[in-house]
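Student: Protein chains in written order, with the numbering used here: chain A, 1 to 144; chain B, 1 to 144.
Hints were generated in silico from the structure; no laboratory data involved.
One or more hints might be untrue.
Sample of chain B residues at the chain A side, in silico, Cβ under 7 Å [to be verified]:
#1 Phe-4
#2 Ala-17
#3 Arg-30
The calculated lysine to aspartate or glutamate pairs, modelled on EDC-like cross-linking and capped at a C-alpha distance of 16 Å, are [to be verified]:
#4 A:Lys-67 to A:Asp-56
#5 B:Lys-65 to B:Glu-93
#6 B:Lys-113 to A:Asp-3
#7 A:Lys-125 to B:Glu-130
#8 A:Lys-125 to B:Asp-8
#9 B:Lys-125 to A:Glu-130
#10 B:Lys-113 to A:Asp-8
#11 B:Lys-67 to B:Asp-56
#12 A:Lys-65 to A:Glu-93
#13 B:Lys-113 to A:Asp-7
#14 A:Lys-125 to B:Asp-56
#15 A:Lys-113 to B:Asp-7
#16 A:Lys-113 to B:Asp-3
#17 B:Lys-125 to A:Asp-8
#18 A:Lys-113 to B:Glu-93
#19 B:Lys-67 to A:Glu-19
#20 B:Lys-125 to A:Asp-137
#21 A:Lys-67 to B:Glu-19
Cβ coordinates follow ideal geometry from the N, Cα and C atoms, glycine included.
Next come the chains, spelled out residue by residue.
Number of protein chains: 2
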Amino acid sequence: MTDFRLDDFLPYLLNNAAESTSRAFSAHYREAYGMTRAQWRIMAHLGSDGALTASDICVRSHLEKSKVSRAVAALEERGLLRRAPSTIDRRAEHLSLTDQGRQVHADLTAHAKRFSDTLIDRLGKARTTELAAILRDLTKDRDD
Amino acid sequence: MTDFRLDDFLPYLLNNAAESTSRAFSAHYREAYGMTRAQWRIMAHLGSDGALTASDICVRSHLEKSKVSRAVAALEERGLLRRAPSTIDRRAEHLSLTDQGRQVHADLTAHAKRFSDTLIDRLGKARTTELAAILRDLTKDRDD
DNA sequence: AAGTGGCGGTTGCATATGCGACAGTTGCAG
DNA sequence: CTGCAACTGTCGCATATGCAACCGCCACTT
Chain A
1 MTDFRLDDFL
11 PYLLNNAAES
21 TSRAFSAHYR
31 EAYGMTRAQW
41 RIMAHLGSDG
51 ALTASDICVR
61 SHLEKSKVSR
71 AVAALEERGL
81 LRRAPSTIDR
91 RAEHLSLTDQ
101 GRQVHADLTA
111 HAKRFSDTLI
121 DRLGKARTTE
131 LAAILRDLTK
141 DRDD
Chain B
1 MTDFRLDDFL
11 PYLLNNAAES
21 TSRAFSAHYR
31 EAYGMTRAQW
41 RIMAHLGSDG
51 ALTASDICVR
61 SHLEKSKVSR
71 AVAALEERGL
81 LRRAPSTIDR
91 RAEHLSLTDQ
101 GRQVHADLTA
111 HAKRFSDTLI
121 DRLGKARTTE
131 LAAILRDLTK
141 DRDD
């Protein structure tokens, strides 16, 4: 009746691939800075997009707001990130990297670049681009 | 220097896609059976591969052994799964679905099939196959 | 200007998770 | 046979997580 193959099931494969690559990649920032995946993401967004508000980060990174809140607190405590109250909206806070945060961010992206190159080598340029496109597609229009 | 684009970074995209699809898919088995992703996976493996040992499941599902241990305990308690001591190796236990477990498994795979069809519709048959192949490739040879 | 619904961010709580330690078992080397 | 490394599965503990409740603030209605 149902010739359901687990090995063809996309959510399953996606989780495996995500888990596998993330695990390999996270080793660096975890050991070097004791950072969480969420923290890494926030650093990445802040580093490339400048100052953001916590809810901006929620939208862009697809992270829960409580997760963002705690990650931001941790990063602030380590002196990597600074909060500034918004003059316009007293609820919001503008987040930005400190000098030290920028240094760390540089290191993080350097490693990320290297890791990315490794993956591209393994898959080939064409398949990588294809894969990236499909993944973006899959995530799109699903506004959870 | 580094023109690093977060939006092209595979681990990032993979996590987003995995999270997004899993979140959508997990709704069913979570609401219907209060099941975890790990529990779903174990059900899937046991349902399609027959009797397995806990460490077999670890290997096939890429799950931590403590995670498997707890998930198995939960499934057993709900009467979906049965343990039988191995006669050959007194450390190991053979795990298999109960009748009720098989019923639940049938329902789970039915839903999975339907969900999978939805995804295939969205991506198209060709891209789906391509994607699956690449994902398998990415997970392979990375024996964490 | 008072009421109201909604937003930004934090926190409590219950649960899930990862890791390392552990007891019991196996099998292989000497 | 004895000792020892490796393996199976469980558990404790510290931490991470999701969800909902919550506080203060905003904007819009009347």
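Student: For each hint, tell me whether it holds in the structure or not.
Tutor: Consistency of the hints with the structure:
Interface restraint check: Phe-4 (chain B) against chain A, minimum CB-CB distance 4 Å, threshold 7 Å, status holds. Interface hint at Ala-17 (chain B): satisfied, since its Cβ lies 4 Å from the closest Cβ of chain A, which is below the 7 Å cut-off. Proximity of Arg-30 (chain B) to chain A is violated relative to the hint, the smallest CB-CB distance being about 13 Å (cut-off 7 Å). Annotation: proposed proximity of Lys-67 (chain A) to Asp-56 (chain A) holds, straight-line Cα distance about 13 Å (limit 16 Å).
Note on Lys-65 (chain B) and Glu-93 (chain B): the hinted pairing holds, with a Cα-Cα distance of about 13 Å set against a maximum of 16 Å. Distance hint between Lys-113 (chain B) and Asp-3 (chain A) is fulfilled; the C-alpha atoms sit about 9 Å from each other, no more than 16 Å. At most 16 Å may separate the alpha-carbon atoms for a hinted pair to count; Lys-125 (chain A) and Glu-130 (chain B) meet this at roughly 15 Å. A threshold of 16 Å between alpha carbons decides the hint, and for Lys-125 (chain A) with Asp-8 (chain B) the separation of about 12 Å falls inside it, so the pair holds.
Proposed proximity of Lys-125 (chain B) and Glu-130 (chain A) is supported: the alpha carbons are some 15 Å apart, at most 16 Å. Only pairs whose Cα atoms come within 16 Å are accepted, and Lys-113 (chain B) paired with Asp-8 (chain A) is accepted, the gap being roughly 10 Å. A C-alpha spacing of about 13 Å is found between Lys-67 (chain B) and Asp-56 (chain B), which places the hinted pair at or below 16 Å, so the restraint holds. Taking the CA atoms of Lys-65 (chain A) and Glu-93 (chain A), the gap is near 13 Å; set against the 16 Å cutoff, the hint holds.
Using a Cα cut-off of 16 Å, the hinted pair Lys-113 (chain B) and Asp-7 (chain A) holds, with the two alpha carbons roughly 12 Å apart. Between Lys-125 (chain A) and Asp-56 (chain B) the alpha-carbon distance is near 35 Å, which puts this suggested pair outside the 16 Å criterion. The suggested pairing of Lys-113 (chain A) with Asp-7 (chain B) holds, with an alpha-carbon distance near 12 Å, which does not exceed 16 Å. With a CA separation close to 9 Å, the supplied pair Lys-113 (chain A) and Asp-3 (chain B) stays within the 16 Å bound.
At roughly 12 Å between alpha-carbon atoms, Lys-125 (chain B) and Asp-8 (chain A) fall within 16 Å of each other, so this suggested pair holds. With a CA separation close to 45 Å, the supplied pair Lys-113 (chain A) and Glu-93 (chain B) exceeds the 16 Å bound. At most 16 Å may separate the alpha-carbon atoms for a hinted pair to count; Lys-67 (chain B) and Glu-19 (chain A) meet this at roughly 15 Å. Taking the CA atoms of Lys-125 (chain B) and Asp-137 (chain A), the gap is near 15 Å; set against the 16 Å cutoff, the hint holds.
This hinted pair checks out: Lys-67 (chain A) and Glu-19 (chain B) have alpha carbons roughly 15 Å apart, not beyond 16 Å.
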